[in-house]
Amino acid sequence: MIDNIEKEKERWEKETLLPYLSTAPERQNEFTTVSGRKIARLYTPLDLGNFDYMKELGFPGEYPFTRGIHPTLYRGKLWTMRQFSGFGTPEDTNKRYKYLLSQGQTGLSVAFDLPTLMGIDGDHPLAKGEIGKCGVAVYTLRDMEILFDGIPLDKISTSMTINAPAAVLWAMYIAVAEKQGVPKKVLRGTIQNDILKEYIAQKEYVFPPNPSMKLVIDTFEYGSKEVPLWNTISISGYHIREAGATAVQELAFTLRDGIEYVEWAIKRGLDVDEFAPRLSFFFNSHNDFFEEIAKFRAARRMWAKIMRDRFKAKNPRSWWLRFHTQTSGVSLMAQQPYNNIVRVAIQALAAVLGGTQSLHTNSMDETYALPSEQAVTIALRTQQILAYESGVANTVDPLGGSYFVESLTNSIEEEAWEYIRKIDEMGGMVKAIELGYPQREIQESSYWYQKAVERKEKIIVGVNEFVMEEKERIPILYIDESVAEKQLQRLREVKKERNTSRVKETLSNLKKAVSDNENLMPYILDCVKAYCTLGEIMDTLREMWGTYQEPVQF
Amino acid sequence: MSKRKIRVLIAKPGLDGHDRGAKVVARALRDAGFEVIYTGLRQTPEQIVNTALQEDVDVIGLSILSGAHNALVPRIMELLKEKGMDDVLVLVGGIIPDVDIPFLKSVGVSEIFLPGTSTEEIVRFINERVKK
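In order, the protein sequence lines correspond to chains S and Z.
Mapped onto the working numbering, the consecutive letters of the first sequence carry residue numbers 1 to 554.
Mapped onto the working numbering, the consecutive letters of the second sequence carry residue numbers 1 to 132.
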């Protein structure tokens, strides 16, 4: 059959294509994806070579999971609609959570402000101007109590985007649950806790890589014993992509980060099948529709191979790549912001066709500020329209078998393995980061893209083409300085009311546990329950471990 | 006497680590023939002004995306004035709400480059405005 198609394709080119091109030439010499990948005019079975359905795709819910990790995918349960949200005081954000839940959102996702993300309190000099701006300010257990006030933690799953101080914020969440009478065993949710991508891309690191990794593995160990339904990490390509990586770089660096965590956990003496089912992933969904779908499918197939063949995991759940997706922040434009609604819809569709487990759709106003209530409602409605009106959730992996998508899936996988091999040769991801390798690769890609836009090789509607004079801006959420005053006031109150000797005692126990190289989670939990502040706990660790400064390169 | 290259300091004040924009601009300015110094992340206003002084720069480009501009930029301008560096051209790039732009200009920022700005535009602006 293949021989015949090859012959027929040659004939088609001669008899049909060439005469057509002579009168109607193509618009460009070359068609490329947003990542610069060349795309052919047409895909046929020839592009798939000796394609073996059972080997490459198989059935959903079975190895290698290319078509999905669940046999029925969205026919059983729709993806979780999880809007990342947090701003101002814990009271402000608590109100927004209750609103989102009342509008049909099915999971919570906490965005913290920059002082929280960097593990300092609001009264630190570097926190000036940053309190409550990029997310909600949580400096003590009191803030966390207010944040989840009236939200039953046994009924809801919560994702927390927190990295360097992830162990501390997770401990606060566990402590709030305890106060609500909800035991750790039933808590569901995720902490991002992916420190490697911070060195690579987002740069919200605090400690050097080695102690940071120790802390991550502490959470794996503690979680698998004490909080068994919790995802103790969300291995994230999102930020790598936002920093300018191509689709392949996003995929490869993320999976190689995953490999690094698994290696460290095994070195700790953990059994791979005990913690691997709690690993989760987080990818970006960018503008290039088919490239993104292929990336998600390749990711599932690659991780299954990694877990089964490289790490010899026995439990099929260890082979699953479960992932959250967020539509691409950098693809949103400040110019003609209503266009962003359309961009988000296309990106969200790619994530759904790629089989995501949960989804955040960006709001149209996010190039200006954190989203307004109106903008976030449209973003949520976009997901609901996809889920309930478009019909895309009716069947599993609808694009499976497309010559184009399968061929893209194969080549993305191949190129990603190449990167993984290279990083293996460097001695792993921590080594590669110290060499500045992934950082440099991403910088090259982001500079290439900027230049391509400026040369108009890449068109951005409303920015370098179809530009118009805009008089009115859309309404945006504005966080003023009264938030900082309120938060600082509360911080002072908590410090005054708490039992100081208990604070000193728990912090000094933590310090000793660091010296003794113990699992720090129980000690951190004691600290937060004693209302030690985030900054105090992190300072104790800073004192022991030092902080990280990256080598400057551009 | 050979003409001195225009010297630019690209700085990231505040806690934010998103440095894609800062690095793209730094590299584009270097490719355009300027002498570029990049501070790295999480610099205080004091550190930025000290580096600007030591490096004797003509231009400071501040990249801020976190919303902390109203606290950080005036402090930097104040310190520049104290050190007698009022002639340094200060540019801000990033996520700046429209309502804050008049304030930033009133404290002495020469221009604010918002998302979608091309690097060529920034190069052109610097070439026009730096006194040679």
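Keep in mind that a hint or two might mislead.
Calculated pairs, DSBU-like style, for lysine-lysine (alpha carbon to alpha carbon, straight line, at most 30 angstroms) [to be verified]: (1) K128(S) x K5(Z); (2) K105(Z) x K486(S); (3) K83(Z) x K451(S); (4) K496(S) x K486(S); (5) K131(Z) x K451(S); (6) K81(Z) x K451(S); (7) K83(Z) x K3(Z); (8) K128(S) x K83(Z); (9) K105(Z) x K128(S); (10) K495(S) x K471(S).
These stretches of chain S come out as covered by chain Z in the derived footprint (C-beta under 8 angstroms, 3 or more residues) [to be verified]: (11) 341 to 347; (12) 363 to 370; (13) 497 to 506.
In short, the hints are calculated from the structure, not lab data.
Glycine included, each C-beta is placed from N, C-alpha and C at the ideal position.
For each hint, the structure was consulted:
With a CA separation close to 35 angstroms, the supplied pair K128(S) and K5(Z) exceeds the 30 angstroms bound. Our distance criterion of 30 angstroms between C-alpha atoms is met by K105(Z) and K486(S), whose separation comes to about 29 angstroms. For the proposed pair K83(Z) and K451(S), the alpha carbon gap of about 37 angstroms is over 30 angstroms, so the pair is violated. For the proposed pair K496(S) and K486(S), the alpha carbon gap of about 15 angstroms is at most 30 angstroms, so the pair holds.
Of the supplied pair hints, the one linking K131(Z) and K451(S) holds, its CA atoms being roughly 28 angstroms apart against a limit of 30 angstroms. Taking the CA atoms of K81(Z) and K451(S), the gap is about 36 angstroms. The hint is violated against a cut of 30 angstroms. A C-alpha spacing of about 25 angstroms is found between K83(Z) and K3(Z), which places the hinted pair at or below 30 angstroms, so the restraint holds. With a C-alpha separation of about 22 angstroms, the suggested pairing of K128(S) with K83(Z) holds against the 30 angstroms cut-off.
This hinted pair checks out: K105(Z) and K128(S) have alpha carbons roughly 21 angstroms apart, not beyond 30 angstroms. Straight-line distance between C-alpha atoms of K495(S) and K471(S) comes to about 49 angstroms, which puts the hinted pair past the 30 angstroms bound. Closer than 8 angstroms: that is the beta-carbon criterion, and the stretch 341 to 347 of chain S has 0 residues meeting it against chain Z, so the requirement of 3 is violated. Look at the stretch 363 to 370 of chain S against chain Z: 3 of its residues bring a Cβ nearer than 8 angstroms to a Cβ of that chain, three or more, so the hint holds.
Figure legend: the stretch 497 to 506 of chain S, annotated as covered by chain Z; annotation inconsistent (0 residues with Cβ-Cβ distances under 8 angstroms, at least 3 required).
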